[in-house]
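Enquirer: Residues per chain are reported as follows:
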Amino acid sequence: MMKKPMEEYLNPTIVNLPPSGIRRFFDLVANTKGVISLGVGEPDFITPWHIREACFYALERGYTMYTSNFGTPELRKEIAKYAAKRYHVEYEPLSEILITVGASEAVDLAMRAMLRPGEEVLVPEPSYVSYAPTVTMAGGVPVGVPTYVKDDFQLTVEALEQKVTGNTKMLVLCYPNNPTGAIMTRPELEAIAQFAEKHDLLVLADEIYAELTYEGSHVSFPSIAGMKDRTILINGFSKSHAMTGWRVGYVCGNKEFVAQMTKIHQYTMLCAPIMGQMAALEALRNGEAEKERMVDQYDQRRRFVVGRFNEMGLTCFNPRGAFYAFPSISVTGLSSDAFCEKLLAEEKVAVVPGTAFGQSGEGFIRVSYASSLANLTAAMDKMEAFVKRCQKRQAS
Amino acid sequence: MGAIDKKKLLDILQDDCRISHEQIALMLGQDVETVKSAIKEMEDERIILKYPALINPEKLGDDTVTAMIDVKVVPQRDVGFDQVAERIYRYPEVRSVFLMSGGYDLSVVIEGRTMKEVALFVAQKLAVLEHVQSTATHFVLKRYKKDGVIYDEKEEDYRLQVSP
Ligand SMILES: Cc1ncc(COP(=O)(O)O)c(C=O)c1O
Chain P
1 MMKKPMEEYL
11 NPTIVNLPPS
21 GIRRFFDLVA
31 NTKGVISLGV
41 GEPDFITPWH
51 IREACFYALE
61 RGYTMYTSNF
71 GTPELRKEIA
81 KYAAKRYHVE
91 YEPLSEILIT
101 VGASEAVDLA
111 MRAMLRPGEE
121 VLVPEPSYVS
131 YAPTVTMAGG
141 VPVGVPTYVK
151 DDFQLTVEAL
161 EQKVTGNTKM
171 LVLCYPNNPT
181 GAIMTRPELE
191 AIAQFAEKHD
201 LLVLADEIYA
211 ELTYEGSHVS
221 FPSIAGMKDR
231 TILINGFSKS
241 HAMTGWRVGY
251 VCGNKEFVAQ
261 MTKIHQYTML
271 CAPIMGQMAA
281 LEALRNGEAE
291 KERMVDQYDQ
301 RRRFVVGRFN
311 EMGLTCFNPR
321 GAFYAFPSIS
331 VTGLSSDAFC
341 EKLLAEEKVA
351 VVPGTAFGQS
361 GEGFIRVSYA
371 SSLANLTAAM
381 DKMEAFVKRC
391 QKRQAS
Chain H
1 MGAIDKKKLL
11 DILQDDCRIS
21 HEQIALMLGQ
31 DVETVKSAIK
41 EMEDERIILK
51 YPALINPEKL
61 GDDTVTAMID
71 VKVVPQRDVG
81 FDQVAERIYR
91 YPEVRSVFLM
101 SGGYDLSVVI
111 EGRTMKEVAL
121 FVAQKLAVLE
131 HVQSTATHFV
141 LKRYKKDGVI
151 YDEKEEDYRL
161 QVSP
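For the protein sequence lines, the chains are P and H, in the order given. Just so we're aligned: 241 in this note's numbering is position 241 of the first sequence, and the numbers increase by one with no gaps anywhere. Just so we're aligned: 43 in this note's numbering is position 43 of the second sequence, and the numbers increase by one with no gaps anywhere.
In case anyone wonders, no lab produced these hints; they're calculated from the structure. You may find that some hints are simply not true.
As the list claims (entries may be wrong) - From the derived model, a few chain H residues whose C-beta atoms are all more than 10 Å from chain P:
1) K8
2) L60
3) F98
4) A127
5) L129
6) K146
7) E155
Claimed, not checked - Straight-line C-alpha distance at most 30 Å; calculated DSSO-like pairs for lysine-lysine:
8) H:K7 / H:K116
9) H:K146 / H:K59
10) P:K291 / H:K146
11) P:K33 / P:K348
12) H:K72 / H:K36
13) P:K382 / H:K72
14) P:K291 / H:K59
15) P:K4 / H:K7
16) H:K116 / H:K154
17) H:K145 / H:K116
18) H:K8 / P:K382
19) H:K125 / H:K8
20) P:K85 / P:K150
21) P:K228 / P:K81
22) P:K85 / H:K72
23) P:K388 / H:K36
24) P:K228 / P:K291
25) H:K8 / H:K116
26) P:K291 / P:K77
27) P:K263 / P:K291
28) H:K72 / P:K291
29) H:K145 / H:K59
30) P:K198 / P:K255
31) H:K146 / P:K33
32) H:K154 / H:K8
33) H:K116 / P:K382
34) P:K388 / P:K150
35) P:K392 / P:K382
36) H:K8 / H:K40
37) P:K291 / H:K7
38) H:K116 / P:K291
39) P:K348 / H:K72
40) P:K388 / P:K33
Everything numeric in this text was worked out from a predicted model, so none of it was measured. By construction, the Cβ of each residue, glycine as well, lies at the ideal position given by its N, Cα and C atoms.
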């Protein structure tokens, strides 16, 4: 017989973490039959065959063991080559790169290795859901920095200056952004770099959507003069090569930082799965053509979906990266939550409320176009009918 | 906006030619008139020849037989293989004819109701043509993939319905 109420056995920091805003919606969708879901945050493509085949071959040869804590040297060397060639940042493969269990683990490692109790982290909103909780779990304090549709959801120094304090330690950058699809161009990043320099902040740059940039080209934050030393760069294979289930990502940075992150990784994960690492190596060595094919498809769907939203009156700024559109639903007079629930009930189309990614997502919905063209077409027709109906209801 | 990318336009049509011009225009960031005139132009130039459906004959219960015939030909002065190829491709039974590199010259695809019908066609019409040296007939037993489409694969989506 336990002597105290259950809750007293638990860690209050964890008990008080808000559940993911997506969870409740997930249950709603799971209980509805015949849904077209545009609520999915992963590619609809299956991992290209040559990558899967490379994994079979590795298994046949008996690659089933642990690797170095850092990950295989071949993969780290290939990542260093790729980062230099594609994004003009040089990392020493054997001391400045750590292979992780997805970018997800890398985010957690960075927070735990860098934050002291009570230190603040600036987290742009709306943003991917894991930054604020990982800050909290590491004993830090997440501080939301709103971004606005009038700025195309780009992060501004003005907004940052309002939130920075003497206790601020780190700034998170996630561009191309989940959920908005916003990207940051070089001049805008240079302004952020000056801000980071001025306040002597670390920068966690989650660039997992870098390859999915459709207009202009991705600028990697550490490639900006003076930024490499203060930046922890995170990337992975989940989005660029449709490899979410393989659980491989990586973190690059100053070797002092990487050494500390490696300690945590070594005691908690030991290493990233070897099959995933073998597959990722193949993706980097021979995956360019297949990746381009997927990027082309996303780009066409992106134009189609954004065009349809603007036609139906859900004004949508031009998302230049990732695979999400983030239209405003203000014409319907509904809150994000109500819009998504009604759309699901009436039309069986699932999209995610903008508020799942922070309060500044109110009035918007996240629509993933990582879905077949046939699905997207059907879903757009249904949404158009729904919006018309909402407007009629509002008028009467 | 820039000039229309004909390769991308053709890729879209080859994947699904029923997509509306309006949708194609959005996908390529062009206006509808540009898309329409590019398609019209390619039809006129016979770059786009036809808009067929891709079917799975086995599902249909259609037991038409298909054979691929390797034909060796003695090339002729001035016209090479073209004249013999034309003598062959004029037959409606012949679905495709390709000029090949390697061990034989023409690859001919023939459809017929029975194996016997196809074999007789080869014996009576193809093998006896002037300049045809030899033929080898191979019957198709099963189709796995055609024009990029795997016959026996359902498009299942195994992803979670909602994820961050
Ligand atoms: C911005 C962002 N970072 C990280 C991740 C997690 O990626 P991984 O699969 O590499 O853990 C996601 C996944 O949705 C994401 O959207």
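Enquirer: Indicate, hint by hint, whether the structure satisfies it.
Expert: Hint check results:
no.: 1; hint: K8; in the structure: violated (7 Å)
no.: 2; hint: L60; in the structure: holds (22 Å)
no.: 3; hint: F98; in the structure: holds (25 Å)
no.: 4; hint: A127; in the structure: holds (40 Å)
no.: 5; hint: L129; in the structure: holds (42 Å)
no.: 6; hint: K146; in the structure: holds (17 Å)
no.: 7; hint: E155; in the structure: violated (7 Å)
no.: 8; hint: H:K7 / H:K116; in the structure: violated (42 Å)
no.: 9; hint: H:K146 / H:K59; in the structure: holds (15 Å)
no.: 10; hint: P:K291 / H:K146; in the structure: holds (23 Å)
no.: 11; hint: P:K33 / P:K348; in the structure: holds (8 Å)
no.: 12; hint: H:K72 / H:K36; in the structure: violated (44 Å)
no.: 13; hint: P:K382 / H:K72; in the structure: violated (57 Å)
no.: 14; hint: P:K291 / H:K59; in the structure: violated (34 Å)
no.: 15; hint: P:K4 / H:K7; in the structure: violated (70 Å)
no.: 16; hint: H:K116 / H:K154; in the structure: violated (34 Å)
no.: 17; hint: H:K145 / H:K116; in the structure: holds (26 Å)
no.: 18; hint: H:K8 / P:K382; in the structure: holds (27 Å)
no.: 19; hint: H:K125 / H:K8; in the structure: violated (41 Å)
no.: 20; hint: P:K85 / P:K150; in the structure: violated (34 Å)
no.: 21; hint: P:K228 / P:K81; in the structure: holds (16 Å)
no.: 22; hint: P:K85 / H:K72; in the structure: violated (50 Å)
no.: 23; hint: P:K388 / H:K36; in the structure: holds (29 Å)
no.: 24; hint: P:K228 / P:K291; in the structure: holds (27 Å)
no.: 25; hint: H:K8 / H:K116; in the structure: violated (43 Å)
no.: 26; hint: P:K291 / P:K77; in the structure: holds (20 Å)
no.: 27; hint: P:K263 / P:K291; in the structure: violated (33 Å)
no.: 28; hint: H:K72 / P:K291; in the structure: violated (41 Å)
no.: 29; hint: H:K145 / H:K59; in the structure: holds (14 Å)
no.: 30; hint: P:K198 / P:K255; in the structure: holds (23 Å)
no.: 31; hint: H:K146 / P:K33; in the structure: violated (33 Å)
no.: 32; hint: H:K154 / H:K8; in the structure: holds (26 Å)
no.: 33; hint: H:K116 / P:K382; in the structure: violated (53 Å)
no.: 34; hint: P:K388 / P:K150; in the structure: holds (25 Å)
no.: 35; hint: P:K392 / P:K382; in the structure: holds (16 Å)
no.: 36; hint: H:K8 / H:K40; in the structure: holds (16 Å)
no.: 37; hint: P:K291 / H:K7; in the structure: holds (18 Å)
no.: 38; hint: H:K116 / P:K291; in the structure: violated (48 Å)
no.: 39; hint: P:K348 / H:K72; in the structure: violated (59 Å)
no.: 40; hint: P:K388 / P:K33; in the structure: holds (24 Å)
Violated hints, in rising order: 1, 7, 8, 12, 13, 14, 15, 16, 19, 20, 22, 25, 27, 28, 31, 33, 38, 39; the structure is consistent with all others.
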